[in-house]
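Undergrad: Spelled out from the first residue to the last, the chains are:
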Amino acid sequence: MKESREFSCHPICRGRAGGPVLISGADICFYLCEPETGKVIEKGHPLEGESVGGKILVFPGGKGSSVVQADGLYQLAMKGNAPKALVIQHPDTVLVTSAIIMDIPLVDRVDPGFYQNVKNNDHVLVDAQEGRLIINRD
Amino acid sequence: MYLTSVEREMLDGKYGEGVALAMRVQVALGEAFDAERMVEIGRAHVALSNQEADLWFVEKLLQAGARCRVSPTVNPGFHLEYFLDKTDLTGQDMEMISRTRKAYRQIGATLSFSCTPYLMENIPRQGEIVAFSESSATPYVNAVWGARSNRESAQSALCAAVTGRVPLYGLLLPENRLGNILVRVEAEMGDDFDFRLLGYCAPKIGHGVPVFTGISGATPEALMNLGAELNTAGAYGMYHVVGITPEAPALEAALGGRAPLREVTISRRDLDEVRDSLSCPPGKIDFALFGCPHLTLHQVRHIARLLEGEQLKSPLWVMTSSTTRELARRTGLLSIIEKAGGYIVEDTCIDQPCWRFLEGKVGVTDSLKGAYYARRRGMSFVLRSITDCVRAAIKGEVE
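Order-wise, the sequence lines are chains A and B. If you use numbering that gives the first Met the number 0, the first sequence closes out at 137, no skipped numbers anywhere. If you use numbering that gives the first Met the number 0, the second sequence closes out at 398, no skipped numbers anywhere.
So here's chain B without its partners, still in its complex pose:
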């Protein structure tokens, strides 16, 4: 693999052992995928997880003197101050979150603690080369913004932020971005929840770059949902929606003029089957939880409207970014939600120990991804659209 003199010096340790370690990881990735050379990145997003390996690796880079050349936005952990009096956090939980904050601040990250940076804090332009990890983030920057990112791991994205470069391979090359699976969506896509169900049809769609036809008027939230679920039920860095993806003005362009390797049809029955196979049966619920991925202000407003003048029988939590929460506060949405008995929590992810107080309980959510990961934490969920979830939380049960 060809390296410029600066890249060679990074690898040889001229910029310190931390940069050399980051470069070693990237050169190995480049060799694994036959990259000819490195390219500079404009942006990065690190799927910080607040888990052991995550903290171990960022501290290792830091102690070896690494600092980010490109400041990456980072994923949420949990908002320690909010949860202090709500759950039985262990000393280790608290130490992990404090050390995570400190390490990422010191290495030069932007402490956004949001999993949807592509909608607010970190938006690439079309054609820009970036290094984004996180399930919904990689496909969004590729398929919606037309930027170029591989499906980075948290660690490879951090190495890219440190060196300011990635090896040139995979989805950074135009020929690998072309669609090869034609997915005819025959189901009428009613609301954003249907896009979650569509994403969860990944096992039927199979390995490759899907091209969705039959979809019109998808909202940003719908596309966020689609990517999140595609990367829960499968692994996709790129997809095309004809008429939305910049590289897919028409079906032929999305497929690069070639015949697809496979054709799949998705009907309403497929979507209903996905929902029914993953959802708990309707009935009494203990809580409602939204924000996997983090809700947008538009979704927060929708929830607030449904809650205006209402009183919740089941407590309701909305996870979002600190920016969105602040906008909701200024706009008056936060007080509507709080008056009804709900909460907006910033900087927090569902897959965190702070939700221990919901262990063994049944909730309602629109997030298939959230329900999948929360199973490891002893929570189970009825799955419905946001509107139906909020109505259920007001009544305390799903009908």
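Bound-form chain A, shown alone:
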């Protein structure tokens, strides 16, 4: 049975992208992802060993110096392993700038219902034009 649920959000970087969801409970520094595989290599990170490549990444926010975040995302993008879209709770200047210059859709202020419903590998469409997230399940 096809099921589709829609939630509101606040678009920061415009665009639309769909793909499988990957959820992280911890902040992410993209400099600590391996560009060739997209895998998180930060020791002790909840996503350690998982690839962010092609994912709709759901996480609290960014961390790291004013320099390395952009470089991390850039190197992932050059190897085709950048996430497709970013869904966050706490925007910071460094992460927002990095997403904008790499043209990756970024949203925040998501309807809390989204977090109650979403599960890893759900297919989610991030519509950062209209400010909505759509979870599609077969």
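There are no misleading hints in this set.
Now the stretches of chain A that chain B is said to cover, found in silico as 3 or more residues with beta-carbon under 8 Å:
| id | segment |
| --- | --- |
| 1 | 72–79 |
| 2 | 94–104 |
In silico negatives: residues of chain B with every beta carbon more than 10 Å from chain A:
| id | residue |
| --- | --- |
| 3 | 3 |
| 4 | 19 |
| 5 | 66 |
| 6 | 68 |
| 7 | 125 |
| 8 | 127 |
| 9 | 167 |
| 10 | 175 |
| 11 | 246 |
| 12 | 248 |
| 13 | 301 |
| 14 | 308 |
| 15 | 321 |
| 16 | 358 |
| 17 | 379 |
| 18 | 398 |
Keep in mind that the hints were calculated from the coordinates and are not lab data. These numbers come from a predicted model, not from an experiment. Cβ coordinates follow ideal geometry from the N, Cα and C atoms, glycine included.
Knowing the structure of chain A, use the given hints to seat chain B on it.
TA: Relative to the frame of chain A, chain B by itself:
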């Protein structure tokens, strides 16, 4: 978000695609943080890093015709000419530094190649709105000079330099600058090194705007160190030191008359624990490295005095700005340091490929930040005050 007609024209491409790109980044930032409008900036500092994304973005802006309205000072990369015969630089290393210099010159930056521009080349006045990236720079201009800057990324600061504007949000607004964490410093702050240890207590301090009490007589170097370490162990655009920060003549003013959300006490034990958890054990050392952030002339003089008539067992490097190095040369400090077997290197950062020849070696430094980033380059460090580091380098070991 409200835009003036000029800002609207920038966004629409009337001033070229490069300016439009810079404006798009800033409008998105403004929308992310609910800024009502843009404000003009007086100054900017770009934390140039000489890494791939940094070069890619500045070249992209440049090729799209962007030029800086406000000429920003820039961070160090490395001084290619000095390192040519000292380390095995790859063709790519050399190409990156040459292209970085060329791109930033063409876009209209001031090629200061220093990470402490707020002490010499680029000093804001109180209340001035600026766009400063770099760990120690953002908190220094906010907390010591009383200027207003968000914790910019290298790229957002460059966009601000191009458009001459930033969105009005965050630390540009007085209400967001008020302190909300009371940090009682009970440890006696002996020298500037203790301020590094204090900054590295960031995980204990937590998210927010800290207000430090119990500190008197902090030197510019101490405050430089505090900001650098706060932004290595955490993320802080602003702090208050009561009696030093212009907005904090007294505790009540720093807190805006409100009760703090949290109170933290920092003891000597906290500082010692930070040092011991990050430092390699004492013993033989291969080198000494200072200048993360770049040393001031005052610190260079201190090192020169300790080295007068001495001979170093371990080579010693001081990283600083070209201006400070030139002053050290004229003043005779450079020749004292060189006679002892040390070097002063300008325009250079620790997190650069030029230090490859120190890979796998153990050094001594006062910089927790430097030691943290150099770990990625295979260097490890014993951490001590500058005085103890220099004494150790003369003996070749830390006792």
